[in-house]
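Visitor: Just need the whole structure built from these sequences, with the hints factored in.
Read off the chains here:
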Amino acid sequence: NAGVTQTPKFRVLKTGQSMTLLCAQDMNHEYMYWYRQDPGMGLRLIHYSVGEGTTAKGEVPDGYNVSRLKKQNFLLGLESAAPSQTSVYFCASSSGTDSYEQYFGPGTRLTVT
Amino acid sequence: AQSVAQPEDQVNVAEGNPLTVKCTYSVSGNPYLFWYVQYPNRGLQFLLKYITGDNLVKGSYGFEAEFNKSQTSFHLKKPSALVSDSALYFCAVRDMWSGNTPLVFGKGTRLSVIA
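As they're listed, the protein sequences go chains G and X. Counting in the numbering used here, the first sequence runs from 7 upward without gaps. Counting in the numbering used here, the second sequence runs from 552 upward without gaps.
Source of the hints: derived by calculation from the structure; they are not laboratory data. Just so you know, not all the hints are guaranteed correct.
Which chain X residues face chain G? A few, computed with CB under 8 Å, are given here [claimed, not checked]:
| no. | residue |
| --- | --- |
| 1 | TYR583 |
| 2 | PHE585 |
| 3 | ARG593 |
| 4 | GLY594 |
| 5 | LEU595 |
| 6 | PHE597 |
| 7 | LYS600 |
| 8 | PHE641 |
| 9 | ARG645 |
| 10 | ASN651 |
| 11 | PRO653 |
| 12 | LEU654 |
| 13 | PHE656 |
| 14 | GLY657 |
| 15 | LYS658 |
| 16 | GLY659 |
Glycine included, C-beta positions come from ideal geometry on N, C-alpha and C.
Guide: Set out below in structure tokens:
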């Protein structure tokens, strides 16, 4: 079991460029999440999905889009990157049953110049 | 609405001493409570959780947490701190009856164990 994987691990973008971050899980989890982590801000939820084909906004959705075309994958897109989106991005998944314990990926460090 | 507070940004403790990392929560109904740990340049790792039952929950690496309903707290504890416990700790909560809503995380507490 690989658990939750994220690609890429690091990325540098110029302002205005676009990119997609990929999250994959092999635990057959229904729920998937995208967070960003900034110093002093803790974890902030960007978007989440409660099942294939569904997405919902979190606390800080502006400037991001997501898609969940397959149950095991959750994509986070930045259409026009801004320096304010410089952050570490974490993906997580959970079964959606029992206690909703979340399992996290290793993170993607994104720098926008 | 659900919320969680970690009142200390930083906790310093000497190796071998007991440690406590504080967490208080607010939910409408009954809480599910979690502690996660994050080591440098890594993702969050699950430590322990309270769902129901015994108020004292034991988790990984010798950590435990006590659920106190009257004080709406879920403090993380360890009897004897190790230098390797130095990390960022997150408390999280969700209301048992909140449907599909995700966990709500605190801002994190940085634990520094000094040799």
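Visitor: Against each hint, give a clear statement of whether it holds in the structure.
Guide: Status of the hints after comparison with the structure:
1. A cut of 8 Å between beta carbons decides the hint on TYR583(X): the least distance to chain G is about 5 Å, and the hint holds.
2. Given the 8 Å rule on beta carbons, the hint for PHE585(X) holds: about 7 Å separates it from the nearest Cβ of chain G.
3. Hint status for ARG593(X): holds, given a least beta-carbon distance of 6 Å to chain G, under 8 Å.
4. About 4 Å separates the beta-carbon of GLY594(X) from the nearest beta-carbon of chain G, less than 8 Å, and the hint is met.
5. Interface hint at LEU595(X): satisfied, since its Cβ lies 4 Å from the closest Cβ of chain G, which is below the 8 Å cut-off.
6. Of the supplied interface hints, the one on PHE597(X) holds, with its beta-carbon coming within about 6 Å of a beta-carbon of chain G, less than 8 Å.
7. Of the supplied interface hints, the one on LYS600(X) holds, with its beta-carbon coming within about 6 Å of a beta-carbon of chain G, less than 8 Å.
8. Given the 8 Å rule on beta carbons, the hint for PHE641(X) holds: about 7 Å separates it from the nearest Cβ of chain G.
9. Interface hint at ARG645(X): satisfied, since its Cβ lies 6 Å from the closest Cβ of chain G, which is below the 8 Å cut-off.
10. For the restraint placing ASN651(X) at the interface with chain G, the shortest Cβ-Cβ distance is roughly 5 Å, inside the 8 Å limit, so the hint holds.
11. For PRO653(X), the interface hint holds, since its Cβ comes within 8 Å of a Cβ in chain G; the closest pair sits about 5 Å apart.
12. Interface hint status for LEU654(X): upheld, as the beta-carbon distance to the closest one in chain G is roughly 6 Å, under 8 Å.
13. This hint holds: PHE656(X) has a C-beta 4 Å from the nearest C-beta of chain G, less than the 8 Å allowed.
14. Given hint, GLY657(X) at the interface with chain G, holds; its Cβ is 6 Å from that chain's nearest Cβ, closer than 8 Å.
15. Nearest Cβ of chain G to the Cβ of LYS658(X): about 4 Å, under the 8 Å cut. The hint holds.
16. Hint on GLY659(X) holds. Least Cβ distance to chain G is approximately 5 Å, under the 8 Å limit.
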